[in-house]
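K.L.:
Residue numbers (the numbering used here), protein chains in the order written: chain A, 569 to 1156; chain B, 11 to 192.
A hint or two may mislead.
[Claimed, not checked] Label pairs and their computed distance ranges (CB to CB):
hint, chain 1, residue 1, chain 2, residue 2, range
1, B, D144, A, P744, 53 to 59 Å
2, A, D961, B, G52, 39 to 45 Å
3, A, D680, B, E64, 29 to 35 Å
4, B, P82, A, K772, 27 to 33 Å
5, A, N821, B, P82, 39 to 45 Å
[As the list claims (entries may be wrong)] Sample of chain A residues lacking proximity to chain B, with all beta carbon distances greater than 12 Å (derived):
hint, residue
6, H609
7, P610
8, D886
Simulated from the structure, these hints should not be mistaken for laboratory data. For every residue, glycine included, the Cβ atom is placed at its ideal position computed from N, Cα and C.
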Amino acid sequence: MGKLYSGAEIVFKCLEDQNVDHIFGYPGGAVLPIYDELKNHPSIKHILVRHEQGAGHAAEGYARSSGKPGVVLVTSGPGATNVVTALTDAYMDSVPLVCISGQVPTHLIGTDAFQECDTTGITRPCTKHNWLVKDIKDLPRIMHEAFEVATTGRPGPVLVDIPKDIQFAKTDYSKPKKEKKIKERFQNRFTQKDIDQLINLMSKASKPVFYTGGGVINSGPKASELLRELVSLTGFPITSTLQGLGAYPGNDNQFLGMLGMHGTYEANNAMHDCDLLINIGARFDDRITGKIDEFSPKSKKVHIDIDPSSINKIVKVDLAIVGDVSDVISSTSKTLKKKNLNLEKSNKQKISKWWQQIEKWRTKQSLSFINSDEIIKPQHAVQRLYELTKDQDTFITTEVGQHQMWAAQHYKFDKPNRWMTSGGLGTMGYGLPAAIGVQVAQPKKLVVDIAGEASILMTMQEISTAVQYNLPIKIFILNNQYMGMVRQWQELLHEKNYSESYSEALPDFVKLAEAYGCVGIRAKNPNELDEKIREMINVDKPVIFDCHVDQDENCFPMIPSGKPHNQMLLGPKDQEENKITGKGKALV
Amino acid sequence: MSKSKSAYSTPTKLGKLDTHIIVVWVDNEASVLSRVVGLFSGRGYNIESLAVAEVDHKKNLSRITIVTTGTPQVIEQIVLQLKKLVPVHKVANFKREDKNVIFKEMALVKLVANSAKIKKALNACKKYNPVILDKTNKSVVIQITALRREIDKMSKNLKPLGLVSVSRTGAVAMTRGAEIFN
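Work out the full structure: start from the sequences and follow the hints.
P.N.:
Structure, rendered in structure tokens:
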């Protein structure tokens, strides 16, 4: 028998063997043995957050920008319950996280001990799997299995709950041999026949569209390259979900922009009118489909996804291909080339009419807005931020609300893993801690959190973390003194009854920045905006940028509640024009 | 056009509801049952009956038999979600009408009555393999095995014959013939 290791040592041994270099956490009574062991493992750096939710989101930012799983370490009871929001967020957006939580000693479990909670019970619905380690001998196996479950198939969060006595108990440990994937269920299930069928549909289509999602990003950077190749090979138009932005270059002519509730006019109309819809790694979310009965009524639908349970969950599809996106795309492109089916040429005429129609939709310029010389329009602020940062490799995170949608609409991404936003759960307060995680993974890169003043206050305390570790993240607050998206819905659907959506008693963000020991910048009018943004970029410190924007601006275009894709609300310009011609009513 | 005030779509027509028997082979470990049941409760679906016990001690396998009702889409989703659970080995799914599958439930019924009524009751149970487990001069405990609806009917019919208590298991299922689930 070899050397015996304590549970705490085994935790770190496993983390080392999994090549973990950063963990995000917060100590407490039930994880003290693990924290005690930290000093003996210099290759693993611990980032101390200010609240466990922040640790979870930071780990998400780390995971999404690096492609590696994020690791979180929290204590029992409140430590575990605080991280639940982040776990749920990661579960919804398929982000691989491994959360290690301390638990009261085994003999006290179930006795309402101090800082005890049923952690595995609480986190069961928001993790892919969780474990309560009751025997030290199981710990090494469980730790490695946790990483495997988190990162294979559709990625997601897992939790390992380790009672304090198990952290002290001793057992032997040997590095696991690299074995074949245990779970066949996570592997590709498609055959060449499926690919041939897809190509057959593609060759017949006269109005095709690609609808791509976060699955492309999760499949790794290679998937994005393969996607670009496939799109150029076919000549088909492509639209993307919120989570998929960056998989295809945002400024390419074949890209129709984001689709869905705040997607572009051309993307949503293309989805509605197409005769072939190819979903790659997206999940027919309700913010995408609108009214399900009238969703893309005339199309054949293909769904490519690694998760068999995503197929036919919301929309019945004609062809399902279960597999890793990059493998499916690469097979498709290979077969296309082999058959020498250059769709762009052979189908040019068929598709050219479709493209003419798309160009017609494009003339609506659905993302346009009426700019102002006196007041900063939020869209303008995002556009200027984009123009002034596009020359460097910039990573953007967001909070949730209007600013998030404006960021998605006006910031053009051309690489995957550069865009981190809370889409599924829609967690206000996500962006700041996520930016911290991104900056940890990408130390030399520019990281900007496009934020709203309401969201940022939910996890404001994490700016202290950024200061502690010299993480020069930039918090770009589009400050309209409202929970903007709530106010927008109240304006449009609740007779302008702005119930509790005004941000009363806001802090002075510049002074707040100074209080935290970082830099505060304020911009109040469009003339000073560029200069101030440049100033922000050039500071090698965390910055809180308080950008005062138009309070009444709404986020358009918009598909209102339960409406199909072709019934969009367009911006004020269009509404004005349509009022004159009387056509507006049909659109609303 | 009237405006809906919800940011979500409104529910559309519901599909036809079918009763299904879902059989799940799982690792016999703590919390596995709540993982399985959680998939149902998390989606707001009811479980009509549930039977679970270890079937292979060596391999540490338990077999869970669940009876539930849902639209075809819901059932398909549940089966696919079940397959994704880490401790789940395999999942089989049958319609209750499936002729190739045997379903059985067991019930223990207690009657407090005179011997004439007890005799009548035993007679009524004849079709359902009655076994007398306990008998005194004023009571009897009978074990019967039957289909769910048959036991439903029996417990109704036995009421006037002195039925005071019924204890029922969930359904268990087995395919007919030499075939096994895969």
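K.L.:
Tell me the numbers of any earlier hints that the structure contravenes, in ascending order.
P.N.:
none
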